[in-house]
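Turn these sequences into a full structure, and let the hints steer you where they fit.
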Amino acid sequence: MSSGSTVTTTVTKASIYTRFTGHQGVMIGAFIVLAIVLVALLAPLLAPHDPYQQNLLARLIPPVWDSRGSWDHVLGTDHLGRDYLSRLIYGARISLLIGFGAALISGLIGTVMGVMAGYFGGRVDMVVTFLITVRLSMPVVLVALAVVAIVGGSLQVVITVLGLLLWDRFAVVMRSSTLQIRSMDYVAAAQAVGCSTKRILMTEIMPNVVNNLIVIATLEMAHAIILEAALSFLGLGVQPPLPSWGLMVSEGKDMMLFEAWLITIPGVALFLLVLAINLMGDGVRDITAPENRN
Amino acid sequence: MVVNKHFSKLLVGALLAAGASTAAHAGKSNDTLNVAIDRELESIDNYYNTAREGIVISRMVWDGLLYRDPKTNKYLPNLATAYNWVDSKTLQFDLRKGVKFHNGEKFDADDVVFTLNYLGDPANGAKPARNVNWWNNAEKLGEYKVQLNLKKEFPAALEFLSGPLVMYPNDYYSKNGPEGMALKPVGTGPYQVTSVEPGKRYKFKKYDGYHASSPKGKASIGNIVIRTIAESNTQLAELFSGGIDWIWKVKPDQAERIKSQGAFTVKNSSTMRIGYLNFDAMGRHSKNPMNDVRVRRAIAHSIDREGIVKALVQGESIVVNSLCFPSQFGCTQDVPTYDYNPEKAKKLLAEAGYPNGFETPFLAYRNRDYAEAMINNLNAVGIKAKLEYLKYAAFRDKVQSGGAPFNFGTWGSYSINDVSAITSHFQSGGKDDYSKDPEVIKQLGIGDTSVDANVRQSAYKAALSRISGEAFMFPLWSYNTWYAFSKDVDFNPTPDEIPRFFTAKWM
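For the protein sequence lines, the chains are A and B, in the order given.
Counting along the first sequence from 1, when you hit position 150 you're at 1003 in our numbering, and nothing is skipped either side.
Counting along the second sequence from 1, when you hit position 36 you're at 60 in our numbering, and nothing is skipped either side.
Hints listed in this document are in silico derivations from the structure and should not be mistaken for laboratory results.
Quick reminder that beta carbons are idealized off the backbone N, C-alpha and C, glycines included.
A portion of the hints provided could be inaccurate.
Okay, derived cross-link-like pairs now, BS3-like style, lysine-lysine, Cα gap no bigger than 30 Å in a straight line [what the hints assert, rightly or not]:
| hint | chain 1 | residue 1 | chain 2 | residue 2 |
| --- | --- | --- | --- | --- |
| 1 | B | LYS368 | A | LYS1106 |
| 2 | B | LYS151 | B | LYS227 |
| 3 | A | LYS1106 | B | LYS408 |
| 4 | B | LYS275 | A | LYS1106 |
| 5 | B | LYS130 | A | LYS1106 |
| 6 | B | LYS368 | B | LYS311 |
| 7 | B | LYS275 | B | LYS415 |
| 8 | B | LYS275 | B | LYS334 |
| 9 | B | LYS511 | B | LYS291 |
| 10 | B | LYS291 | B | LYS130 |
| 11 | A | LYS1106 | B | LYS422 |
| 12 | A | LYS1106 | B | LYS410 |
| 13 | A | LYS1106 | B | LYS224 |
Covered stretches of chain A (chain B as the covering partner; in silico rule of three or more C-beta atoms under 8 Å from a C-beta of chain B) [what the hints assert, rightly or not]:
| hint | region |
| --- | --- |
| 14 | 906–914 |
| 15 | 1087–1094 |
| 16 | 1108–1115 |
Below, the structure written as structure tokens:
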């Protein structure tokens, strides 16, 4: 650990920049994520049609590369005649919102619990470890399904439920990293000087565990996006007519054998987003804390 | 993605090719019709099972005293040769001689009296209760003559006796009970059961001793295997590969594609199920815009039923204007109607004090696409309906406990060809009634208890006209079922949604 920390402490801003640009995974991932974020932000400008506008006379038009397709609907239309490309573009907002939202809530819960357990130890640690064990013994998908089925699905409910379920990894990792940092000399020094607990936590502990936090946050973000897609696919997630990618797969499922593009297009979009977030997360870990690479 | 498109074509092509090569092994060549259904049946004892597939099997294995011809809707003699109303609460039957059950037991008055008295006893818990709770008891008048004593006038008696009420062998059933019957069913019907794997697979063989005078006719196909395959894409794949010869409940868009490929016969039949919007006219849920008849009428004018039927429901479905299926006794279409007219809808809304529309929850449990299309229609006149999509059981509970200003539901009338099975269910002041209108309740009461066809008809007409006029409920469209099967099979669907495999033949 001690040799590792010397490596990290000598990293300069310039060298981090070269590491970023030199790391293929992180560049590809960041590029895709950035592109999707931009698409989501600029959705009203980019979408060629209103994603909610139905046209029952123009249902199931295939994408442009099919002989029956046209440039008017580049990715075709769905079973209610809504433009598929526009729905895909607006769907990016839902996926990102759920990813960020759930990661934010769970990150907050998990970090507070993990850092407290790691720093204070003793009874606090016992309680937190117990809570983590309880949480780990619950199957996420089943609990999410049950809760959403009882409360009723909506965007807010899905974000909250996933946020409240996905904090375990944050708590585990934050707890163990805080435990390590806590026994460092500079923490002991700060304590000896008489710094307040708050100050030690914020200025000595947090900056040194934030790398791990970022990696876990990206992982959980991807996890939440996949879970939302699964919930929506089962009809229990985001409610129509909101264009969620999971919902789009679900709506196209019946035509799987005949019009495969109905599920491949949102499927590929989901795949790309999750892959990109994971690439980025892995890359950030490689760059900021190469000693943790296995 | 280009690759993907080709891949899907390749996939279907490969499945079809595989089907062509294995077709010789299944179906016609070994005289076995392979049928797929999408659910697991709890039991195939006719009286402990409410699934439609259970009714299908029931018609194959057992017979009723009468049989309703699905084409003419006439009641024909089956196990009874004649019936006679002694008075409005007493029915007598002459029974057919020489009929034998699959296990060799002789059919006579004892079987009929046993079956009806067994079912009539609430302690035995036969399902659904509405099928079996309308008589006091059955009496044996002779070896081939029985009398049924009704609790009160019950006009639909013959309808029940020609469909859901099938006759059981008294010796066998009193010995083996529902469990025995579910595992080794014994009846007088055109098919006998050769093997039962509960929830998975049922095998049937043509009953050679079937009584020749039955209006159902002797079966033509030698063997039938009914298998549960829950997922519709898997059913399709099996159909393409020749493992299955016959499927139903195919989605409209799927049916269209299968038809255009030309390798299978695709047929459509209207069913008795209709869709409706049920409004909270009396304020059971809350004080809400639906309490105002102008708002209910505005909603009726705002929904493009023709457009939705044409684009989404498809098949033989039609727009219905009164709260019943047109073939049902007492169902008149001569009621106030609402054309698709968004301008008129907006005007009505403005009159009711909602010039800019309003927001409302909207409950539904099936056909999410139809619901979304209606929400789009409502949106166009300013009504923001927020869809709350539930599983059927949750939907029913919520509706029956007064949980929504309006909901989109459907009703299949248990395939009973009589208005009492639908209009009376919803509008007689029961749990599903959101208007509890005294006039409607009164007229339905007259219709439900009279045995005079004219009295019934005019009472039902009065009730249906008032329901449509006040827009207590807004009837939408009838449903339909798509069937897809091997070109070797000659099969004709019926509007009561009960496939009769005993009338199917090989081409």
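Here is what the structure says about each hint:
1. The hinted pair formed by B:LYS368 and A:LYS1106 fails the criterion: a straight-line CA distance of about 38 Å is larger than 30 Å.
2. At most 30 Å may separate the alpha-carbon atoms for a hinted pair to count; B:LYS151 and B:LYS227 meet this at roughly 24 Å.
3. With a C-alpha separation of about 28 Å, the suggested pair A:LYS1106 and B:LYS408 falls inside the 30 Å cut-off, and the hint holds.
4. The hinted pair formed by B:LYS275 and A:LYS1106 meets the criterion: a straight-line CA distance of about 11 Å does not exceed 30 Å.
5. Pair hint B:LYS130 plus A:LYS1106 does not hold up; C-alpha atoms about 52 Å apart against a cutoff of 30 Å.
6. A hinted pair counts as satisfied when its Cα atoms are at most 30 Å apart, and B:LYS368 with B:LYS311 qualifies at roughly 24 Å.
7. The hinted pair formed by B:LYS275 and B:LYS415 meets the criterion: a straight-line CA distance of about 19 Å does not exceed 30 Å.
8. Taking the CA atoms of B:LYS275 and B:LYS334, the gap is about 14 Å. The hint holds against a cut of 30 Å.
9. For the hint linking B:LYS511 to B:LYS291, the alpha-carbon distance of about 11 Å falls within 30 Å, and the restraint holds.
10. Among the hinted pairs, B:LYS291 with B:LYS130 is inconsistent with the structure: their alpha-carbon atoms are about 39 Å apart, more than 30 Å.
11. The straight-line distance between the Cα atoms of A:LYS1106 and B:LYS422 is roughly 28 Å, inside the 30 Å bound, and the hint therefore holds.
12. The suggested pairing of A:LYS1106 with B:LYS410 holds, with an alpha-carbon distance near 24 Å, which does not exceed 30 Å.
13. As the CA atoms of A:LYS1106 and B:LYS224 are separated by approximately 24 Å, the hinted pair is consistent with the 30 Å bound.
14. Only residues whose beta carbon comes within less than 8 Å of a beta carbon in chain B count, and the region 906–914 of chain A has 5; three or more means the coverage holds.
15. Using a Cβ-Cβ cut-off of 8 Å, 4 residues of the region 1087–1094 of chain A lie near chain B, which meets the minimum of three, so the contact claim holds.
16. Evaluation of the coverage hint for the region 1108–1115 of chain A: fulfilled, as 7 residues show C-beta separations to chain B shorter than 8 Å, against a requirement of three.
The structure fails hints 1, 5 and 10 (numbered hints given earlier, in ascending order).
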